[in-house]
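Asker: Each chain is listed here by its residues.
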Amino acid sequence: MNCEAKGVMRRRVDVWTGVTGIAFALLLVLLIIPLGRLLWASLLGDDGGFTLKHYREFLAYPYYSRTIGHSFLVSGLVTLCALVVAIPVAFLIARVDIPGKTVLKSLAILPLVSPPFIGAYSWILLFGRAGYITTLLQKAGITIPTVYGMHGIVLALGLNLYPFVLLMVAGALQALDQSLEEAAQGLGSSPWRVFWTVTVPVTMPSTLGGAMLVFLTAFAEFGAPMIIGEGYQVLPTIVYSLFVNEMGGNPAMASTGATLLVLCTTGILLVQYWLVGRKRYAMTQLRPIPPVRPGPLLRGLLTTYGYLVVVLSLVPALVVAVTSFFESRGPVLYPNFSLGNYQEVLFNVPRAIANSFVLSTASTLLDVVLGTLIAYLVVRRRSAITAALDSCVMIPYAIPGTVVGVAYIVAFNKPPIVLTGTFLILLLAYFIRRLPYSVRAGSAILHQIDPSVEEASISLGVSPLRSFAKVTARLMLPGIVSGGILTWVQTITEISATIFLYFGAWSTITVVIYRQVSSSNFGSAAAASTILLVAVFIPILLVNWAMGERAVTAV
Amino acid sequence: MKRWWWCGVLGMVALAILPLGSSVTAADHEGQVVVYTAAQSTIVQAIGPMFEKRTGIKAQFVEAGTGEVLKRAQAEKENPLGDVFWALAAEPLAANADLLEPYTVAEDAKINAIYKKGMAGGRVQPNNVTPMVIVYNKKLVSDAEAPKTWKALADPKWKDKIAYAAADKSGSSYTILATLLTIFGDNDAGWKVVEDIMKNAKILPSSSRVPKGVADGEYHAGLTYEDAAMRQVAGGAPVGVIYPQDGTSVPPDGNALIKGAKHPKAAKMFLDYAVSKEVMDLLAEKFSLRSARTDVNPPQGFVPLSEIKAVAYDMEWAGKNYTPLVKKWQDIIVRVK
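Keeping their order, the protein sequence lines are chains C and S.
Every letter in the first sequence is one number past the one before it in the numbering used here, and letter 339, counting from 1, is 339.
Every letter in the second sequence is one number past the one before it in the numbering used here, and letter 169, counting from 1, is 169.
For reference, chain C alone in the conformation it holds in the complex (with noise of 0.2 Å):
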């Protein structure tokens, strides 16, 4: 890096500092004001005098303050599970040429629509106590521990969420550059020591980016814990009892509740920043690593192991599928043929699908757009005032949709802004719930991409804001395509906060899945959620079948 770009990248006054100030202001209205109002009731008394007394309460009640200790216990193995799962198909994605690519990495997203309620409900069916399987294995003299408990909400959440660290290594493994590895190899490295010293540190940010998502989603996870948890609580379903409940329930305490949450969920943030800040690895990718072809025994073993993976973690959208075409009477299914399920939904599935479609995508868009640019200022402009950005970010990752939703109506269903009923408090309560994937999936690609393009495009007199389109941009985006495709399956599939906020006309796919659940036709919510995913996964097929074998990152 030579002075003169040096110089450009010290000019702090450009078009970025205008991009920092709105993203703050957005992030004002749409985040702080209407969330901070919620958690800062967690510090006022009854006479509205300021106080820690929730919080010492909430500590020492031991029925509370356990989920702590459940949650991150539940979120290490999870997060450790996802990535024991996704590294080596990850790998087997971006270095090995192996049949079907293009259906693989399409399917392995797939696990992310787990349709809200029900997926995690098909691994009773199988593993249950009357479980096909339990009472198959049985039959044979064997018995398994049934799916209830800890252990059955890791094995859920880890089939669900292993695509996000699959996803990000995946997309770091294509972004490396040939020649590192080759030189290395050149300089006398045996394979082995290749791996170890350039691949894995070079990769390094990304992993833990991915670990980070797939650590906070099941931090803040409330349905796979409720359903299969048996009574094994964790903080966000104790908030969720304490704030929609139908007695009342206990505004201080799910306020106290969901803080904690916040404050556990920056200080993991605030670790990986210490972790990956240390150490960063830039490149100019010119020439992508072309997958490798080994002998037909390992191919087809490699093959087979990767399928075997994705459909494993498939397991609950098959079941799912399966079921949506047994008979219902009523709330009991029977295994024959039938359309009756599918005929049941047809009332109201055609407009939620609609609903859902174009309430996600355009979140999505939005999402993209100032998640990529708050990533390029988080990475390329560090300073205390990006860093405080960042943390802001994740905040709604930590939050319950409930939350959200509540604060929401709380904050616009008055002047000076009412939103209520209208669609766009849907859409912008999707854009922040989902803008942490974006800046994520933006910043661990920019940690890969060496600055230097750019700083000699801005030396040769480009503007900032054009340069960074027509460079850094450009090279971003496998991340930012990836990024685009988590946040849109993680919108179509949101029913915490959609719950709240829908109305009338703008019901989504999800509101319809969980009416049906709770209502226990099981048999209509099934056909709800296969819709769901059929339309979930045409879209991403095409996308990947577009940008062919130039972003495996595009899942």
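Hints are supplied without guarantee of correctness; some may be wrong.
[Stated by the list, open to error] Listed below are the simulated DSSO-like cross-link pairs for lysine-lysine, each with C-alpha atoms no more than 27 Å apart in a straight line: (1) S:328 x S:192; (2) C:139 x S:161; (3) S:159 x C:414; (4) S:139 x C:139; (5) C:139 x S:202; (6) C:139 x S:265; (7) C:414 x S:265; (8) C:414 x S:262.
Derived from the structure by calculation, the hints contain no laboratory data.
Could you slot chain S onto chain C? The hints should help.
Answerer: Okay, now just chain S, sitting in the frame of chain C:
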């Protein structure tokens, strides 16, 4: 680039077609009513069009669980978006009296007076009623072995075999807890029975999971409410339903007018229609719901209420003591799990 082009075209076509199905009708006059409901989707789909046909008023439904509906309405309190609550659990509804406007339905005289007690001074109108029951799986438990009383569930032989929804999450589960304390006393002896039952129970997150779990054979027996259990029976699941011999409560679910409703006239028409004989007969015949009206027959296969031993369940007491009772229940859960 060609691939991109095709994707672009497909995407555009999709985006152009999709919103056609979702034209928004937001005409803000009395020609519509916004109904916040916890009724099953299938019931909403049946009653909505009937109401529209009868009155010419468009009914917009916001469907969610009782807890979510009420939380939503609390948050919207300063500028209410809903007009009526329909088919929410009555106890929590009555506990939110500050959200409600008093109203007496046209056919109030036809509604059994028993259910009007503890209904926030007439702000909540009884809708359907459902006794709390025990369900058991007939494949796992013989009829002779089946628990005939709540007390029987305290026997250690049911350890880890019975299901109960968390009392701090589910309204009907809280009603069961309060019913047990009504029968056995809100004292050490009564709480001992509760603790012994909880020692045996697996705690589930929602009331609908109990009858479903028992029907699927995940649990031998469960504590739940009648109509959810009877839907399993009607669907042909191997499930038996027991009205406990030591007595049970028969709480109603309720409807109410939301304070500050934007369409009060339409809202009142909906409230009248919801408890009309026409609707109640249909709910009894097609959806196995017991009406609070005196002139509607119980659904087919249902035991007449006169044959069920009812206890003097005090809804007002249950509503007022929610926080301390649930806290005591949570303490038990920490102790035994």
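Asker: Honestly, which of those hints from before does the structure not fit?
Answerer: When the structure is compared with the hints, numbers 3 and 6 turn out to be violated.
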